[in-house]
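One letter stands for each residue in the lines below.
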Amino acid sequence: MLNDVPNISDLLASLCDETISAAEMAQLDRLLCSDASVRQKYLEYLDLHARLSFPGGAETETEALSGGIGDSATPHVSGEPSVVISAFPTFDIPATAGAFSVGGLLFSYLVAALVVGVGLTIAAFTQVSTTAMVAVQRNKVQEERNTSPHPSQNTAIIGRVTGMVNCVWSDGPRGDGRGTFTEDAIHSPRPALHAAVALGDHFALRAGLLEITYSTGAQVILQGPVTYQAESTNGGFLRLGRLTGKVEVAKAKGFSIRTPTATITDLGTEFGVEVDERGDTRSLVFRGIVEMKPVGDGQASRALAKVLRDNEAAAIIASSTMNKTATSPVVPIHIDSQRFVRQLPMPVKTLPMTVVAWFRLGEEDANAASGKDVVSPTKDHQGYFHLRPEANPVYSKNAAPNGSVLSIHFDGREHQCVTTSNSPYLMTDNFVLEAWACPRKIEKYPQFVVYNGNPNRNGFGLLILDGRWHYSISPIRMVDSGVRAVVGKWTHLALVCTGDRSQLWIDGRPVGKPFRGLPATPDTCFTIGTDHVNNPRMTFNGEIDEVRLLRLSGRFSPEMLLFHGLPSDKESPKRKSP
Amino acid sequence: MVASFVKPLIACREYRPPRSGRVADSPPAVAHEKSFQVDFFGQKWLWGVNYYGKKNDFQPFLGNRTVTALRNHDEFVRRFVRSQQSLYAYILTLVPNTADAQDILQETAVALWAKADDYDPNEPFMPWACQFAWQQVRKFRLYQARRLKHVASLSDEALTALMADRSRLDETAAARGQKLQDCVTKLVDDDRRLLSQRYDNKVSMREAAEQRGVEPNQLYKRLGRIRQTLLDCINNAIAMEERKASPTDRAH
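Residue numbers (my numbering), protein chains in the order written: chain B, 251 to 828; chain F, -17 to 234.
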């Protein structure tokens, strides 16, 4: 698409030189709305322009700023700091009259004396951290790092998630970053499509398929249930489950998969590896050559290594490896090649959508556990606009039946999760707002599951009204789906607005006829559990989970939704209040 | 005698906060609070310790600021200074006018400072700061819509799309800064001079064109080409670095 727009560079140059005309701006705007490659180019170009035009030029860290408490000295940034941090207000000390006025010498002495006195008193109260406290703090930080939605901020990026199909995450085993799994609390990450994979990242899937493409070009497709760690720049540790490895690039040759009992080194090929709960490892080569050897660097291990070729399979049995009496031999076996997924079944990568916001409501929040109050912001999976809890809603293990493990329970009175300021999501067309909701009590008044904006004037949202699921596109109207909201039943709701029409999808199916009309631009908060304007009158009573906002850049498809069918009645999760 | 003089000026007594309903923005409930109110020359200062119910889980505070928050102040300023270029870049992508972007950065700095106590140093700074920047951008756009109707700007939809796509760029932000320095040195002298005139000395292209005896349009085009060259150089350098980071070369 970028090639079809030969003047995009000219448009961006005009924009940066501030010579762009209104017509050119409109053309640029259209391109930005419709083409991801243009957006990428725009961001890179403007980033460059910003770095060049930023006063001081380069990124600067100024030691002079790290003064003491209340230090209001103007920082010296190299170059001419037209962006002056002295715009910061000074430490707020109330003014007094006469000799003790702010800035007076006597006043300064008195303040200094008071600060020293208070400091000494606080020091007397303060207990120096014990070793245990320090250790706990370090673990907390470590956990924070490992659960960060942007692992790239902490460690080297070694690849990307390039495909996801119906992924159901599990808490899974926990690792110490060296491939050996311990009791240390490090949760596996739950990445989104295109998310960076950092060195040491764990992936624990209960179901579904996940494709990781390493920077070297090697690819693995993990088949749930599986536990895998990206432990090197060209390899990984498969603790449990099945994967297919593909090495079609010369520089990725040597890609190796380690298991509890074996090391499988790829010499340019496509192969499958399977590890069961005992640690038995089985490998099948689809094409090319693979070397399989028992764990260990000893001579015995190397002697037992076996080279597998096209359609050959072998196994290494765990028991003999574990008792250390002898290194297990590589035993030729037969494996059904159908057990391995060699290609992702559907082109998830090409779905014309962007996830603008994704509130997992529990899974990515620090210290979240069933029954605990939501006290810190619930995280946006995309990493930008986290939602602040109000009146402490509660985490619940009664989660949406799409593989989620936690949801948030709202009490129908004051509980809500809301953006700290006005909604950053300003879309009015070509978007999808989806959520899972499980009502506990149905009231006579509107009960908002989620609302973006001010329902009296603008925005859009999902709600229960008169016992039926509705959606609102304000200021036009509330649209009745005609489907009854059932107490204790999880329902997947999706409001799809595209091409000037809006429609509600319930449990993966469109309900009613499309309604012509679009909302006005939201100008208030994005809120889950109520609408922020009318709170506490229009609050939802029950659990809400997996709220997402998608921007469509093409035709809507139900594959985009986080709905993969409901469990049968037999498998239906226990309905339990938090 | 001294005591009788000082007593009216400095008085200290145990302070018991009024019992009231939970405020939405307040921190977690304080299990036990030991605090004193000091009358200091007519000003009331509160200091003491909040216990949050667990052993060793407490927050000393002074006035309305916790001591931890005061300690975080340094960290906050340090992170702001380190991030202000990225923050400026974030703003400039949304408001592509350098003067407006700098004004918005100023306003953002003030807003950030007002909320400095809320900043958790364990959280990444940029996402937190970007929320404030976004609010200032919104304010500016409202002002622009009312007062500066003749100024063309991007639509809300385009901005939302750009914000959603920005995370990919953020991953390479630090590397981009370093590579830019290298790439600028690779430019030919005259290009580097033109770049410096435009960005360091803020010379308008019209003036520069007069100095060189050429049409301004030629210089605009040349500047566009220089930026494109730099962009290609940065992208190539980052791609090369990623390739070099691969250890497979050793395997060959």
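No lab work stands behind these hints: they were computed from the structure. Watch out, some of these pointers could steer you wrong.
Here are some chain F residues pointing at chain B (derived, C-beta under 7 Å) [said to hold, decoys possible]:
1. 78
2. 124
3. 176
4. 178
5. 213
Keep in mind it's a predicted model, so treat the numbers as computed, not measured. Think of the CB as a built atom: it goes at the ideal place given N, C-alpha and C, for glycine as much as any other residue.
| Which of the numbered hints are not met once you compare them with the structure shown? | Structure breaks hints 2, 3, 4.
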